[in-house]
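*Asks:* Sequence:
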Amino acid sequence: MSAGVDRRKELTAALLVAVVAGMVGLSFAAVPLYRMFCQVTGFEGTTQRAKAAPGEVAGRSLTVRFNADTDPALPWRFAPEQTAIAVKAGEQSLASFRATNLSKESVVGQAVFNVTPLKAGIYFDKIQCFCFSKQRLAPGESAEMPVVFFVDPDMLKDRNMDDVDTITLSYTFYRDKDAEGRDKAGGRPATAARAD
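Residue numbers (numbering that gives the first Met the number 0): 0 to 195.
Simulated from the structure, these hints should not be mistaken for lab results. A couple of the hints might just be wrong.
What the hints assert, rightly or not - With beta-carbon atoms standing in for the labels, derived distance ranges:
| # | residue 1 | residue 2 | range |
| --- | --- | --- | --- |
| 1 | S141 | T82 | 17 to 25 Å |
| 2 | E80 | P116 | 19 to 27 Å |
| 3 | P53 | T11 | 55 to 63 Å |
All figures in this text were calculated on a predicted structure; none of them were measured in a lab. Beta carbons are placed, not taken as given, at the ideal position from N, Cα and C, and that holds for glycine.
Please work from the sequences and hints to get the whole structure.
*Replies:* Structure follows, in structure tokens:
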């Protein structure tokens, strides 16, 4: 009887260790899984990534507006170079933002983004974007930061999107002190598209 009780205790302990290990593993996987879910569904205005525009251009025009914010911890000025552009669904378009490091030290920033209305996220595709990687600016340096995008023509087939004629693409830049620390330690520096 004592051997049976010991065996049950060992099984219970092993089960508890497996549950804790599984929970720890899921906590590390939560962020990548959430990111993947948002990209697939366009949840919360998450945009899509594409290699190229579809080539099919639809007749209806849309207005794409641009918004830029900077976290107070990041000593940069960051703004769109145009407030809005007219695009046709399926048409490849280019917009530019400009960032300037106002501090006396090199600073690394990372942009996060979304579109509004949120339901348009699944139809807004980026081909190239400064937001895909961290950006490093030297003291006083300015950089042009382009984004190449298109609005998926399938949006025009979605009756839920009939009321959308304007999409706002918003970016917020945050300071990445971890990347700055890696730069100082001899790691590979983040780069930005440099201004001429």
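*Asks:* Of the hints given before, which are not true for this structure?
*Replies:* Every hint satisfied by this model.
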